[in-house]
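Chain order of the listed sequences is A and B. Counting from 1, one number per residue, gives the positions in the first sequence under UniProt numbering. Counting from 1, one number per residue, gives the positions in the second sequence under UniProt numbering.
Certain hints may be false.
Just a few of them, taken from the derived set where beta-carbon distance is under 7 Å, the chain A residues facing chain B [stated by the list, open to error]:
hint	residue
1	75
2	115
3	117
4	122
5	136
The set of hints was computed from the structure by calculation and includes no laboratory data. Please read these numbers as outputs of a predicted model, since none were measured by experiment. Beta carbons are placed, not taken as given, at the ideal position from N, Cα and C, and that holds for glycine.
There are 2 protein chains.
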Amino acid sequence: MSSSSSLSSNSPCAACKFLRRKCQPECTFAPYFPPDQPQKFANVHKVFGASNVTKLLNELQPHQREDAVNSLAYEADMRLRDPVYGCVGVISLLQHQLRQLQMDLSCAKSELSKYQNLGGMCVQSLSTLRLSLCGIVRILRVKRV
Amino acid sequence: MSSSSSLSSNSPCAACKFLRRKCQPECTFAPYFPPDQPQKFANVHKVFGASNVTKLLNELQPHQREDAVNSLAYEADMRLRDPVYGCVGVISLLQHQLRQLQMDLSCAKSELSKYQNLGGMCVQSLSTLRLSLCGIVRILRVKRV
Numbered sequence: 001m002s003s004s005s006s007l008s009s010n011s012p013c014a015a016c017k018f019l020r021r022k023c024q025p026e027c028t029f030a031p032y033f034p035p036d037q038p039q040k041f042a043n044v045h046k047v048f049g050a051s052n053v054t055k056l057l058n059e060l061q062p063h064q065r066e067d068a069v070n071s072l073a074y075e076a077d078m079r080l081r082d083p084v085y086g087c088v089g090v091i092s093l094l095q096h097q098l099r100q101l102q103m104d105l106s107c108a109k110s111e112l113s114k115y116q117n118l119g120g121m122c123v124q125s126l127s128t129l130r131l132s133l134c135g136i137v138r139i140l141r142v143k144r145v
Numbered sequence: 001m002s003s004s005s006s007l008s009s010n011s012p013c014a015a016c017k018f019l020r021r022k023c024q025p026e027c028t029f030a031p032y033f034p035p036d037q038p039q040k041f042a043n044v045h046k047v048f049g050a051s052n053v054t055k056l057l058n059e060l061q062p063h064q065r066e067d068a069v070n071s072l073a074y075e076a077d078m079r080l081r082d083p084v085y086g087c088v089g090v091i092s093l094l095q096h097q098l099r100q101l102q103m104d105l106s107c108a109k110s111e112l113s114k115y116q117n118l119g120g121m122c123v124q125s126l127s128t129l130r131l132s133l134c135g136i137v138r139i140l141r142v143k144r145v
């Protein structure tokens, strides 16, 4: 979508506009930094630098580049929101939530196993009591006869 | 630790050694890029560029810089391992694991609630059967008298 929007417009891509250079038809950035998303390039450039991004994109297959640019844009955005931890802050938070959920799950499972054992005992007592009742009823019938 | 190891040694910090420059006493990188960790700076420089890292560190409080450098080093390492997704790949994986655990937990909880209801019914049936038994035993005693 980004590529079509950048190619369809005659204005330079967000990268060339930001770097004040002519946007050539073979521009590496144009397919991923459409003119209507100037902040996306500004962030990526501020955090990684245009030259590092160019190097990275040139080392990838064309079909991998859009995902790479979008992950760089996300990382850059996170770094600008949280200059100390960036994406690593998100990773720590997710790891903390995972540990919490794992503890909750193991608690629920141990609770469940208790109920399963209790259920078994309860069914056993019920059948024992039913048997006793049947026995008594049989004795009473015999006494009547 | 990294700061002490770099200050204690007379050799230039990993950053100045990599950039082939004299390591001054006020070097911004020295406390965070000790000479015994050359790869740490090489990765950060390859992904973010030394000048971007300097700008970022200068915008932070001194006590925030070590965490910032370590998070940048982690991000850089992840980007070099996975040039397409980097840290964002780790985030997607963790989010997938979280969704999976949340589903497992809700299954365990619904299973648990079923057992709790069954347990209640079972206890009720047991007490009813016990009452019937007591009733019959009382009748038998009266008949004997």
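Hints versus structure:
1. 75: holds (6 Å)
2. 115: holds (4 Å)
3. 117: violated (10 Å)
4. 122: It holds, given that the least Cβ distance between residue 122(A) and chain B is near 4 Å, below 7 Å.
5. 136: holds (6 Å)
Against the hints set out earlier in the document, a violation occurs for number 3 only.
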